[in-house]
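Novice: Residues per chain, in single letters:
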Amino acid sequence: MPDGSLPVLDVKGLKTVFRTRAGEIHAVNDVTFDLRPGELLGVVGESGSGKSVTMMSLLGLLPSPPAEVRHGTVTFEGDNLLAVTPEKLRDVRGGGIGFIFQDPMTSLNPVFTVGYQIMEPLRRHLGLTKPQARVRAKELLELVGIPDAERRLRDFPHQFSGGMRQRVMIAIALACDPKVLIADEPTTALDVTIQAQIIELVRELRQKLGMAIVWITHDLGVVAGIADRVMVMYGGQVVEQGPVREVFANPQHPYTRALLTTVPSIRGPRAAKLNVIEGQPPILLAAPASCSFAARCPHRFNRCEHQNPPRIPVGHGHDVACFWNPETGGPRDV
Amino acid sequence: MYDGKPRKEKGRPLQPLVEVRGLKMYFPITSGLFRRKVGDVKAVDGLTFDILEGETLGLVGESGCGKSTAGRAILRLYDPTEGEVVINGKDVAHAEGDALRRLRPAMQMVFQDPQASLNPRMTVADIIGEPLLEHTRLTSDERTARIYELMDAVGLNRVYANRYPHAFSGGQRQRIGIARALALNPRFIVCDEPIAALDVSIQAQVVNLLEELQDRLGLTYLFISHDLSMVRHIADRVAVMYLGRIVELADRDALFEDPLHPYTEALLSAIPEADPEEAKRRTRILLKGDVPSPANPPKGCNFCTRCPKVMDVCRSVKPDLFEVRPRHFVACHLYPPS
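Sequence order for the protein chains is A and B.
Per my numbering, the first sequence starts with residue 871, numbered consecutively.
Per my numbering, the second sequence starts with residue 714, numbered consecutively.
One thing to keep in mind: the hints can contain errors.
[Said to hold, decoys possible] Calculated pairs, EDC-like style, for lysine to aspartate or glutamate (alpha carbon to alpha carbon, straight line, at most 20 Å): (1) A:Lys1143 - B:Asp949; (2) A:Lys1143 - A:Asp1098; (3) B:Lys993 - A:Glu916; (4) A:Lys1143 - B:Glu924; (5) A:Lys1143 - B:Asp928.
No wet-lab data here; the hints were simulated from the structure.
Whole structure, please, built from the sequences with the hints as guidance.
Specialist: Structural data, given as structure tokens:
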């Protein structure tokens, strides 16, 4: 992993709310992170933790209303993506930043051939002619391991299996040689053996093309296998962030620790009873004034219910938003 | 060939509660104006196994392998094409009308998606009480008492009895579905991916509840799931399905520590482990290609198109399930029956 170089994507203080009849939902609260060239950042969290909304906010992909990106800066190649013109943003989407969505069936257009859909960004962003785009589209399908690429360009999405459709999605996302690839749960809808194929493919493509990747998932196992760095989200905030080995070997936040023990393992000793995180994830009807995990936390102090913990550095590139110190079992000095 | 009968083992009462023999479930493919039948989707193609009283049998496999269809056919939510299903000594596969209806209370189901399997226009009390209304003659007071008892049993606050499903979270909705399944004191419950739609932190709550209820009420489960690590936690024995057939059936520890069928090996090696060090060390068995269509399964072994250890015989002869080690059954030509 290249270290010390300038981040290719730099997000600071991002805040997104949804206006609903029930009031404002504070889906993303003051999220700050960066992505270095060539790095793979795993973003982990449960549904509703704000991981997808964060990434969609970056590229203005959320419908507004009801969504509103209220604060923050997103720096990509010297521009603040939250302040640029819609035309410029359209150049970035699918150009400098590629996006892979969770469900390859609903994100491909069923009435256009796969070839057309791969050629679309090539013609729009790179200005290729139709024959040029067709040649490149065939190369892309070969790159993502679809056999008989020439003929498959003329097929429609329903003629592909789930795993093959996700390969097509990856081909579209990679069409314009993006610097950053954002993959939103790209393997969640797939079976484990197909998931293993896609993970292997991304690993290969990364070596070959060297783009930086944000990989959103709720599966800690996937993150452990491919990520350089991991960011854990809860209640629309980043609760822990650090190098993947460090976070898995030495988790600091009670939520991260609980997540790692609630999932049973396929190897090793078998627990008689599963560890449980009691209670429910928070409903984000207000900007958090206290720790959003406090209600479910076995280690909470009085302070946790009155103050939202800031992100506290705990090691090299590792930080945690928590007042509890797992080493001493007591509060942290902040 | 495996006849499904349990093998004797010391110290364990081996009473099969559910006996499945050669269960087949085909769905017709029709074509043309007159919906002429042109073929079959062989969703379940000859399953034979027992589920012992009080045990949990895990049924695992990838989507489309027929595991949910198997669960539904066993409970007679479908009419099986062929085969025997005996639950608690009663023939379920061929019972009709009133006779079938009288068998229903003993066998219940917990569905995958608690959003879709609860009627949004019924209150929690109505949902849990509906089986009581259908199958028992309790007075309204007795019924209310039973509903409260069930809500307590699954950890739902009685105060919420008159709320509608939309007011509950996914985990709580699944508790409602479990309470409904328990209403008639069933002996056998098919859990069809009961945790697949839930978040990881909620999954453990529901699994613990299912285990607790099993201990308390002596329930027998068929636990259908694609999540092998959860199956390893909850099941006593595990059956692995591929394209409508069981490829391996063994005690939990034997299956996870020493998988014999190449498909089971690949499946286990594909599971991502939440340990970066372990992930670096392990070599994955990557399967090529996709699962073939159950409408047109390969001649010979169903797995022969993707198997890394395929031999000539695999392409022509379908292997049957044989006991190759004590209590360990495999359908693969690599393991000739002894």
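Novice: So, for every hint listed, does it hold in this structure?
Specialist: Going down the list of hints, with the structure as the test:
1. A:Lys1143 - B:Asp949: holds (14 Å)
2. A:Lys1143 - A:Asp1098: Status violated; Cα separation ~32 Å.
3. B:Lys993 - A:Glu916: violated (25 Å)
4. A:Lys1143 - B:Glu924: holds (9 Å)
5. A:Lys1143 - B:Asp928: With Cα atoms ~12 Å apart, Lys1143 of chain A and Asp928 of chain B stay inside 20 Å; holds.
When each numbered hint is compared with the structure, violations occur for hints 2 and 3.
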